[in-house]
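Trainee: Can you build the whole structure from these sequences, using the hints too?
This is what each chain is made of:
There are 2 protein chains.
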Amino acid sequence: MFQLDPRSGVPIYLQLKERIRHQVTSGRLAPGTRLPTVRELAVDLRINANTVSRVYSELQREGYLETRQGSGTYVREVGRDLREARRDRVRELLREIVAEGLNLGYTQEELIAALKAEIDRIHDKDRRDSP
Amino acid sequence: MFQLDPRSGVPIYLQLKERIRHQVTSGRLAPGTRLPTVRELAVDLRINANTVSRVYSELQREGYLETRQGSGTYVREVGRDLREARRDRVRELLREIVAEGLNLGYTQEELIAALKAEIDRIHDKDRRDSP
DNA sequence: ACAATTGTACTAGGATATTAGGACAATGCG
DNA sequence: CGCATTGTCCTAATATCCTAGTACAATTGT
Numbered sequence: 001m002f003q004l005d006p007r008s009g010v011p012i013y014l015q016l017k018e019r020i021r022h023q024v025t026s027g028r029l030a031p032g033t034r035l036p037t038v039r040e041l042a043v044d045l046r047i048n049a050n051t052v053s054r055v056y057s058e059l060q061r062e063g064y065l066e067t068r069q070g071s072g073t074y075v076r077e078v079g080r081d082l083r084e085a086r087r088d089r090v091r092e093l094l095r096e097i098v099a100e101g102l103n104l105g106y107t108q109e110e111l112i113a114a115l116k117a118e119i120d121r122i123h124d125k126d127r128r129d130s131p
Numbered sequence: 001m002f003q004l005d006p007r008s009g010v011p012i013y014l015q016l017k018e019r020i021r022h023q024v025t026s027g028r029l030a031p032g033t034r035l036p037t038v039r040e041l042a043v044d045l046r047i048n049a050n051t052v053s054r055v056y057s058e059l060q061r062e063g064y065l066e067t068r069q070g071s072g073t074y075v076r077e078v079g080r081d082l083r084e085a086r087r088d089r090v091r092e093l094l095r096e097i098v099a100e101g102l103n104l105g106y107t108q109e110e111l112i113a114a115l116k117a118e119i120d121r122i123h124d125k126d127r128r129d130s131p
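If you're matching them up, the sequences are chains A and B in order. Counting with the working numbering, you get residues 1 to 131 for the letters of the first sequence. Counting with the working numbering, you get residues 1 to 131 for the letters of the second sequence.
No lab work stands behind these hints: they were computed from the structure. Honestly, I wouldn't trust all of these hints.
You can't tell identical chains apart in this list, so a pair holds if it fits in one copy or across any two.
[Said to hold, decoys possible] Cross-link-like lysine to aspartate or glutamate pairs, in silico, EDC-like; alpha carbons within 20 Å at most:
#  : residue 1 : residue 2
1  : K17       : E77
2  : K17       : D5
3  : K125      : E96
4  : K116      : E84
5  : K116      : E100
6  : K17       : E100
7  : K125      : E40
8  : K125      : E92
9  : K125      : E109
10 : K17       : E110
11 : K116      : E62
12 : K125      : E100
13 : K116      : D5
14 : K116      : E96
15 : K116      : E92
16 : K17       : E62
17 : K125      : E62
18 : K116      : D44
19 : K125      : D81
Mentor: This is the structure in structure tokens:
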């Protein structure tokens, strides 16, 4: 279900966390969807159940999942305040990339142009997918 | 010469590395400029010479510096392919942010505005640090 | 050639991060 | 209620990271 690479240097729990987060934010895991149990996923990935639990817990704290003991872990519905929280994350990511971009010699204009270019890319892609 | 913050949580060597990288890419350290010796900088920053050496070595591997044993460490001309590689990386990160932002309901204009806001933030900060 | 100066290799201590094992707690369902 | 299933707490072993100390190697310049 989630493919990981133990030799990538990136900790397993981080890989898993980002995979799940991505599937949630991209909508490939719809709100309400029940995720595998920590033990199922642990066996599947050949890791410890606690490692999976850590991922679920952190994603819950960050507002992406909702875990109910005895029942399971579910993708959370996106409410208004939650949307705000995730927007904060986008801002955070933007801040990081601006810092890095400027550090690497990008000018402000180049950064903005690059952003616009990526926006156009995705727009074009959307248009092709659903004309 | 390089101001660091031991309590920032960011490892010393990383802080130093990014400072130097920034000064190189921004042109404040011109190609050919000789950097302080590892011992000079170590004394100045009250850290170990090996820590400085690590920074110099990594920046050399990444193409920003050129170190010659017995002589010193010099700023290198940042080549086109290096710049292109960095650029690809930033583009890739931007693509992910755009995807996530649009999924959260950002409009194109909001994304661009948010990026500009972050640019201004950092720009102001830079101005305070080195007017 | 020699001595001073440069960066580097090797090592290790200490801190932090990552993963795992086993017992526990909350929930659902017969 | 009783049992199975769920996530979680506590603990500990292990790995990794960061920094420093010391000795070494390459270069420079006299």
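Trainee: Is the C-alpha distance from K116 to E62 at most 20 Å within one copy, between copies, in both cases, or in neither?
Mentor: neither (28 Å within a copy, 26 Å between copies)
Trainee: Go through the copies and call it for K17 and E77: within, between, both or neither, with a Cα cutoff of 20 Å.
Mentor: This pair counts as within: shortest intra-copy Cα distance 17 Å, inter-copy 39 Å.
Trainee: Under a CA distance limit of 20 Å, which applies to K125 and D81: within one copy, between copies, both, or neither?
Mentor: This pair counts as neither: shortest intra-copy Cα distance 29 Å, inter-copy 28 Å.
Trainee: At 20 Å max between alpha carbons, let me know whether K125 reaches E109 within a copy, between copies, both or neither.
Mentor: between (24 Å within a copy, 18 Å between copies)
Trainee: For K125 and E62, with the copy left unspecified, which applies at a CA distance of at most 20 Å: within, between, both, or neither?
Mentor: Neither way: K125 and E62 sit 26 Å apart in one copy and 28 Å across, limit 20 Å.
Trainee: Between copies, within a copy, both or neither: which fits K116 and E100 at Cα up to 20 Å?
Mentor: So K116 and E100 pass the 20 Å test inside a copy (18 Å) and across (15 Å) alike.
Trainee: Give the relationship of K125 and E100 under a CA distance limit of 20 Å: within one copy only, between copies only, both, or neither.
Mentor: between (27 Å within a copy, 14 Å between copies)
Trainee: At 20 Å max between alpha carbons, let me know whether K116 reaches E84 within a copy, between copies, both or neither.
Mentor: between (23 Å within a copy, 18 Å between copies)
Trainee: Up to 20 Å between alpha-carbons, please classify K17 paired with D5: within, between, both or neither.
Mentor: Only inside one copy: K17 and D5 sit 13 Å apart there, 28 Å across copies, limit 20 Å.
Trainee: At most 20 Å between CA atoms: does that hold for K116 and D5 within a copy, between copies, both, or neither?
Mentor: neither (27 Å within a copy, 35 Å between copies)
Trainee: Could you figure out if K125 and E92 sit no more than 20 Å apart (CA to CA) within one copy, between two copies, both or neither?
Mentor: between (26 Å within a copy, 16 Å between copies)
Trainee: Given identical chains, is K116 near E92, meaning Cα to Cα at most 20 Å, within a copy, between copies, both, or neither?
Mentor: Answer is both: 18 Å inside a copy and 13 Å across each meet the 20 Å cutoff.
The earlier numbered hints that this structure contradicts are 7, 10, 11, 13, 17, 18 and 19.
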